[in-house]
Amino acid sequence: MLQSLRTVFARRVALNPRLYPALSSVDGVVCSGKRFYTPSNERKKFYEHVSISQGEGGFEINLDRRKLRTPQGKVFVVPSEPLALAVATEWESQKDTIKFFTMHLTTLCNTALDNPTNRNKEQLITASLKFLETDTVCYRVEEPPGLVELQKNEWDPVLHWAEKRYDVEIGSSTSIMGPVIPPETKEVFHRHLASYNSWALLGIEFITTQLKSLVLSMGLLDRFLTVEKAVALSCLEEEYQIQRWGNVEWAHDYDSHELCARTAAGTLFIHLCSSSSSIKHKLLQD
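One point on numbering: in our numbering, the residue at position 185 of the sequence shown is 172, and numbering is uninterrupted.
Rather than coming from a laboratory, the hints here were simulated on the basis of the structure.
Misleading hints may appear alongside valid ones.
[Said to hold, decoys possible] FRET-style restraints, in silico, Cβ to Cβ:
(1) H244 / L72: 16 to 26 Å
(2) E215 / M164: 24 to 34 Å
(3) K54 / Q228: 22 to 32 Å
(4) R152 / K117: 18 to 28 Å
(5) Q110 / Q228: 29 to 39 Å
(6) S162 / K54: 45 to 55 Å
(7) R152 / R52: 20 to 30 Å
(8) R210 / E129: 29 to 39 Å
(9) N105 / R210: 31 to 41 Å
(10) K108 / R231: 40 to 50 Å
[Stated by the list, open to error] Simulated pairs of lysine-lysine, DSBU-like, Cα-Cα distance not exceeding 30 Å:
(11) K151 / K108
(12) K139 / K199
(13) K32 / K82
(14) K61 / K82
(15) K199 / K117
(16) K31 / K139
(17) K117 / K139
(18) K173 / K151
(19) K173 / K86
(20) K173 / K199
(21) K32 / K61
(22) K216 / K199
(23) K108 / K199
(24) K108 / K31
(25) K31 / K82
(26) K151 / K82
(27) K117 / K32
(28) K86 / K139
(29) K117 / K151
(30) K61 / K108
(31) K86 / K61
(32) K82 / K108
(33) K139 / K151
Virtual Cβ for every residue (Gly too), placed ideally from N, Cα, C.
Please model the entire structure based on the sequences and the hints provided.
Quick look at the structure:
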């Protein structure tokens, strides 16, 4: 079973190299499409203590006395103390071996720091915005009746929320081509995405790719949806089929937990990249 899980993950890495870069130069793995980390490359834990320190340009992660570095050898430095604490927690949570594939925040930070595909802010916006034309909640079926009703009951409230929240027209369609998104709607979402910094935009692209939906991602970021609800809505059709025909239990459970973990990590990454750069520690009163 474990080997099967590793195979599933390895295939996803091959299909999405930009979202699964090598996680740390300390394990000698090269990113940028040359080699990608898989769970079989787990490394024996080589450090005892994890700490953070404020350095030039932000907050650094220290493994014992060694500074953590990115796959390209840059000092691993993040823009906010809350994000540094969250990444440090990922490293601190590792037991006898370092399971790199569980460290989604570290992955996102490495991608932001190394920027292996050399994308600028406009390109990051475009990457997320393209999902609007093929958004999961916009594609509807004409049959079976049970799924038609399920999509209407579950997806329509989110779609209506997004249209009201952003004062736009999105709509849905049963056509294989999907709905025609008005240019004005794209412009509104473009302006909204442009209000985020480059790190947050990377996180938005990450969760939008996981959910196959910009609408669900925006609902998640605006706290209209929980992570669990957003994931459930993105997998609505799959869950409907499972209810009718059953499933391979371990594979479905693994996929579901992994999708929740990645979506939660991406959402946390966005919020922490948008937070203040440091935490004000409360002074203890005698």
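List of violated hint numbers, smallest to largest: Hints 3, 7, 16, 19, 24, 26, 27, 28, 32 not satisfied by this model.
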